[in-house]
Amino acid sequence: MSATSVTFAGIDFKNPIVPASGTFGYGHEYEELYPLSRLGGISVKGTTGKLRPGNLPPRIAETPSGMLNSVGLQNPGIDAFIRDELPYLKTKDTVVIANIAGSDENEYREIAEKLDATDVDMIEVNISCPNVKAGGAAFGVSCEGAAQITRIVRSVTSKPVMMKLSPNVTSIADIAKACEAEGADAVSLINTLLGMRIDIRTRRPILHNNVGGLSGPAVFPVAVRMVWQVANAVKIPVCGMGGVSTWEDAVEMMLAGASLIQVGAAIFTDPLAPVKIIEGLEEYTKRENISLTDIVGKVQPW
Amino acid sequence: MKYACLAPIIRKTNIAKGIWDMEILCPDAAREAVPGQFVDILAEGYTLRRPISICGIDRDKGTLRIVFEVRGKGTAVIAQKEVGSSLDIIAPLGHGFDLLDTDKRAVIIGGGIGTPPMVPLAQHYGANASVIFGFRDARAVILKEDIERTGADMILCTDDGTAGRKGFVTDALDEVLKALRPDIIYACGPMVMLRRIAERAAKDDIRCQISLEERMACGVGACLGCACVTKQDDKTVYKHVCKNGPVFDAKEVVFA
Ligand SMILES: Cc1cc2nc3c(=O)[nH]c(=O)nc-3n(C[C@H](O)[C@H](O)[C@H](O)COP(=O)(O)OP(=O)(O)OC[C@H]3O[C@@H](n4cnc5c(N)ncnc54)[C@H](O)[C@@H]3O)c2cc1C
Ligand SMILES: Cc1cc2nc3c(=O)[nH]c(=O)nc-3n(C[C@H](O)[C@H](O)[C@H](O)COP(=O)(O)O)c2cc1C
Ligand code: FES
Numbered sequence: 011m012s013a014t015s016v017t018f019a020g021i022d023f024k025n026p027i028v029p030a031s032g033t034f035g036y037g038h039e040y041e042e043l044y045p046l047s048r049l050g051g052i053s054v055k056g057t058t059g060k061l062r063p064g065n066l067p068p069r070i071a072e073t074p075s076g077m078l079n080s081v082g083l084q085n086p087g088i089d090a091f092i093r094d095e096l097p098y099l100k101t102k103d104t105v106v107i108a109n110i111a112g113s114d115e116n117e118y119r120e121i122a123e124k125l126d127a128t129d130v131d132m133i134e135v136n137i138s139c140p141n142v143k144a145g146g147a148a149f150g151v152s153c154e155g156a157a158q159i160t161r162i163v164r165s166v167t168s169k170p171v172m173m174k175l176s177p178n179v180t181s182i183a184d185i186a187k188a189c190e191a192e193g194a195d196a197v198s199l200i201n202t203l204l205g206m207r208i209d210i211r212t213r214r215p216i217l218h219n220n221v222g223g224l225s226g227p228a229v230f231p232v233a234v235r236m237v238w239q240v241a242n243a244v245k246i247p248v249c250g251m252g253g254v255s256t257w258e259d260a261v262e263m264m265l266a267g268a269s270l271i272q273v274g275a276a277i278f279t280d281p282l283a284p285v286k287i288i289e290g291l292e293e294y295t296k297r298e299n300i301s302l303t304d305i306v307g308k309v310q311p312w
Numbered sequence: 219m220k221y222a223c224l225a226p227i228i229r230k231t232n233i234a235k236g237i238w239d240m241e242i243l244c245p246d247a248a249r250e251a252v253p254g255q256f257v258d259i260l261a262e263g264y265t266l267r268r269p270i271s272i273c274g275i276d277r278d279k280g281t282l283r284i285v286f287e288v289r290g291k292g293t294a295v296i297a298q299k300e301v302g303s304s305l306d307i308i309a310p311l312g313h314g315f316d317l318l319d320t321d322k323r324a325v326i327i328g329g330g331i332g333t334p335p336m337v338p339l340a341q342h343y344g345a346n347a348s349v350i351f352g353f354r355d356a357r358a359v360i361l362k363e364d365i366e367r368t369g370a371d372m373i374l375c376t377d378d379g380t381a382g383r384k385g386f387v388t389d390a391l392d393e394v395l396k397a398l399r400p401d402i403i404y405a406c407g408p409m410v411m412l413r414r415i416a417e418r419a420a421k422d423d424i425r426c427q428i429s430l431e432e433r434m435a436c437g438v439g440a441c442l443g444c445a446c447v448t449k450q451d452d453k454t455v456y457k458h459v460c461k462n463g464p465v466f467d468a469k470e471v472v473f474a
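These protein sequences, in sequence, are chains A and B. Per this note's numbering, residue 11 is the first one in the first sequence, and the count goes up by one each step. Per this note's numbering, residue 219 is the first one in the second sequence, and the count goes up by one each step.
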């Protein structure tokens, strides 16, 4: 065990930094810049039962300290992922987290069943994608919906199950508790916040989908608050994300209660961000003579 | 192979109102860059990088040339950078133009700020190229001397006739196609222009490659943000401008 390694939902990570689903593809593009083995893990692009073409462009808009996306879960489908991507990723000496989404219960069940038969390390269940019409976020906004999908996935797999929560809710802690009660091994949060930008010249929304998910540094304080609330409400481990772009952000998120961290939009600003954050954490633990597990949840609230 | 690096600015020139011409030192990227590819540039203080086409490749000096217009806040930040400071870049990115043998005949069309990527193409074909480029007015004309130096035939058009001839590049294209049949047509510029050129090329059954723009996040093909609608065997397929493009065969692009 090194000072930066963490055990999360029974899985060992050499460090807690994981590129966030949808921002890193399946790793190929970034492998030219650094070895994937440097990363704690990879949460791969969200996968659905069948190929999804995604939404019409434009799918990207910049915002103050962040961005909106309305990619709409473009992906080749679970069979293609298992056949074409997973075997390669498994040779990369990093934890592979599948990220799945469905438009109904059957789709979640079918994908989770297929993944259970593979050597993927963990399943992250997206019940919070704001960019697809049916399903997705619909399940993530009520305790019943979140519980129902957790129950279904849990019943078909013995892999660690991590439920990915939506911030577009009244009480994220209640949703997390509903997932925990149905046997989730962990929760991850936050997915993107629903947002909108309008081109004042054309009076058209910039995104063809009109609305999209906000991420990047702008959402960081919201994410820290939600991680803190959830970590105080459940006993299962929390994977924190939303606007993390420096090692200091990662430490802050861990103090709030996260024991694993995902990094998304920061990769677009600086493709080396995950590696720089890992280096920063290594220096931090050495300087302070601590291991990262010592700081999880150690914020001292007033 | 792509590289992320800090590329020192070794020359910076203001070539028209709000349009900057920079030469940046990045030997690894310059060694591998091909015409039609682009550089993704960090605008400090902004989340998303700005994609800018490669306008010149000097392998001996290890430099790339970029020419860009200040459109909004990010390009304004990049334009403020001075010689001696560095641009934080990822390059070379994307799929460039297919280059035929230099003895083939090419028509190369650039509209406005779509002209920069056409310069290295004109250099490749030299006297076997006909370059048509169009601007709003005389004050917006850029890269004229660069194109003259390639030895290509050149037709300069402006919307108001204050430089070159009055009219659109598509009119000039009709005229050129009456006189010769090129092996390939290349174009970069506004969508309406690209659409007309694509239609014309299809009508005459001439191969045509166009360079497209779309809003990007990662710039490398990972986020699937920069979708472009294409057709393959009559099926609609979303391709990605930063990875499959920015250069596409015109006949596969579905114009909105
Ligand atoms: C492959 C490619 C090559 C390009 N080559 C050149 C070039 O050689 N010279 C040049 O002057 N311009 C070029 N552009 C356009 C240039 O990228 C935009 O003008 C620039 O991103 C605008 O940024 P801004 O900060 O000035 O504007 P803002 O309006 O502040 O930008 C806001 C956001 O929208 C994006 N955006 C705005 N306009 C465009 C656009 N037309 N295309 C893509 N994204 C856009 C920005 O990147 C940013 O993320 C190219 C675009 C692409 C996709
Ligand atoms: C372009 C883009 C695509 C995304 N795709 C997915 C996805 O497929 N599945 C998912 O669970 N989350 C997806 N997300 C959400 C991120 O994984 C993450 O939850 C969110 O962006 C917040 O983190 P950040 O601020 O570090 O980007 C996507 C985010 C972006 C920016
Ligand atoms: S910008 Fe990410 S795929 Fe093109």
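Just so you know, the hints here were simulated from the structure itself, not pulled from any lab data. Computed from a prediction, not measured in an experiment: that's the story for all the values here. There's no promise every hint is true.
Reference listing, derived: stretches of chain B covered by chain A, where coverage requires no fewer than 3 residues with Cβ under 8 angstroms from a Cβ of chain A [as the list claims (entries may be wrong)]:
(1) 257 to 267
(2) 423 to 437
(3) 451 to 461
Ideal Cβ placement from N, Cα and C applies to all residues, glycine included.
**Request:** Please write out, lowest number first, the hints stated earlier that are contradicted by the structure.
**Result:** none
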